[in-house]
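> Which chain is which? The protein sequence lines are F and C, in order.
Take any residue in the first sequence, note its place counting from 1, add 18, and you have its number in the working numbering.
Take any residue in the second sequence, note its place counting from 1, add 136, and you have its number in the working numbering.
Just so you know, the hints here were simulated from the structure itself, not pulled from any lab data.
Cβ coordinates follow ideal geometry from the N, Cα and C atoms, glycine included.
Take every hint as true, because none was put in to throw you off.
Label pairs and their calculated CB-CB ranges:
no.	chain 1	residue 1	chain 2	residue 2	range
1	F	Q206	C	T239	29 to 37 Å
2	C	G247	F	T93	22 to 30 Å
3	F	Q160	C	G191	24 to 32 Å
4	C	T223	F	R204	24 to 32 Å
Derived list of chain F stretches under chain C, where covered just means 3 residues or more per stretch with a C-beta under 8 Å from a C-beta of chain C:
no.	segment
5	61-71
6	99-107
Residue-level listing of the chains:
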Amino acid sequence: MSEADLFAGREDPYRVGRGGGNAKGATGHGEGGPSPKKTVASYGFWIFLLSDIIMFSAFFATYAVLVIRTAGGPTGAELFEQPRTAAETACLLFSSFTAGMAAVAAKREQVAASEIWLLATGVLGVGFLFLELGEFASLIAQGAGPQRSAFLSAFFALVGCHGLHVFGGLLWLGTMMAQILVKGFRPQIQRRLACFNLFWHALDIVWIAIFTLVYLMGIKH
Amino acid sequence: MTDSRDASTQGAKEKAPGEKAQGNDGDITKGATSYVIGLVLAMLMTAASFAVANGWAFVWQPGIGAALIALAVGQIGVHLVFFLHLTTGSDNTNNALALAFGTLVVILIVGGSLWIMHNLDQKMMPTMPTMP
Numbered sequence: 019m020s021e022a023d024l025f026a027g028r029e030d031p032y033r034v035g036r037g038g039g040n041a042k043g044a045t046g047h048g049e050g051g052p053s054p055k056k057t058v059a060s061y062g063f064w065i066f067l068l069s070d071i072i073m074f075s076a077f078f079a080t081y082a083v084l085v086i087r088t089a090g091g092p093t094g095a096e097l098f099e100q101p102r103t104a105a106e107t108a109c110l111l112f113s114s115f116t117a118g119m120a121a122v123a124a125k126r127e128q129v130a131a132s133e134i135w136l137l138a139t140g141v142l143g144v145g146f147l148f149l150e151l152g153e154f155a156s157l158i159a160q161g162a163g164p165q166r167s168a169f170l171s172a173f174f175a176l177v178g179c180h181g182l183h184v185f186g187g188l189l190w191l192g193t194m195m196a197q198i199l200v201k202g203f204r205p206q207i208q209r210r211l212a213c214f215n216l217f218w219h220a221l222d223i224v225w226i227a228i229f230t231l232v233y234l235m236g237i238k239h
Numbered sequence: 137m138t139d140s141r142d143a144s145t146q147g148a149k150e151k152a153p154g155e156k157a158q159g160n161d162g163d164i165t166k167g168a169t170s171y172v173i174g175l176v177l178a179m180l181m182t183a184a185s186f187a188v189a190n191g192w193a194f195v196w197q198p199g200i201g202a203a204l205i206a207l208a209v210g211q212i213g214v215h216l217v218f219f220l221h222l223t224t225g226s227d228n229t230n231n232a233l234a235l236a237f238g239t240l241v242v243i244l245i246v247g248g249s250l251w252i253m254h255n256l257d258q259k260m261m262p263t264m265p266t267m268p
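Whole structure, please, built from the sequences with the hints as guidance.
Structure (structure tokens):
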């Protein structure tokens, strides 16, 4: 009995066969053709984001190992200011929300609404970066720069890497705002917007881990 | 059956990450609802995290760390469901499988590093405190 006979007449409940091919028999060889480009592009970007999160996990592991190695220097409990962390968290959470609203507007191809929501996202992102750079500057001014202890090196590497991602996301955001104005909602612009949204939400997910593990667990008494 | 399928139904078969399950171009409020729910839930959980960390919530002191991690995992779940629209539906299998594998690797890296480094730390000879 061949494999094709085994699966003959059976549905493919988990869509193992690509492309929504309505194939009876051999899965993955359906006549539906490949998935729409929108699905493929977002899926590829999703894979990239997961690998990016895996990279972050290495920074988290380094931080967790080194958090107690303060070399006689200041600890997190002495350095971190909670109101600043709360403000940063609020900035990123609301910007994640406005990015989502921009995606809703873009789906309806409303230029003005998309631009306004994207602008709000950008303003909140800049606010976040401003707060973070202020924190870094004040730490370095206190003599608690990355060269002070292994703990601070790991802290600056982890939080700084996330900040760099936010900065990159802001450049991308500005590019998308310009492209919507110049090119309109072409399919490829919609795909780029979808990828940008995934990126921005993923950054917020990484920030949840940072504010919990670095800041809130750091002030634990 | 094959002939009756057009481009739009084919698109619904397999969902892109971040895409809503059903076409939501009809109702104005429909697409935004999930983001509003997600925002409210995430705000509540963030506030709860800060309250727990400061000892305002009545959490047993040694359990604060576990409570914070539980809240963070919950909030990540809220983001995945309401912002990234990730489900375990059959149209979402590929996205969820990729996420599951990513989570496995993250757990291996973080858990493995902590385990190995803690073990090495235990085996270290006690050293003289280094002079600053």
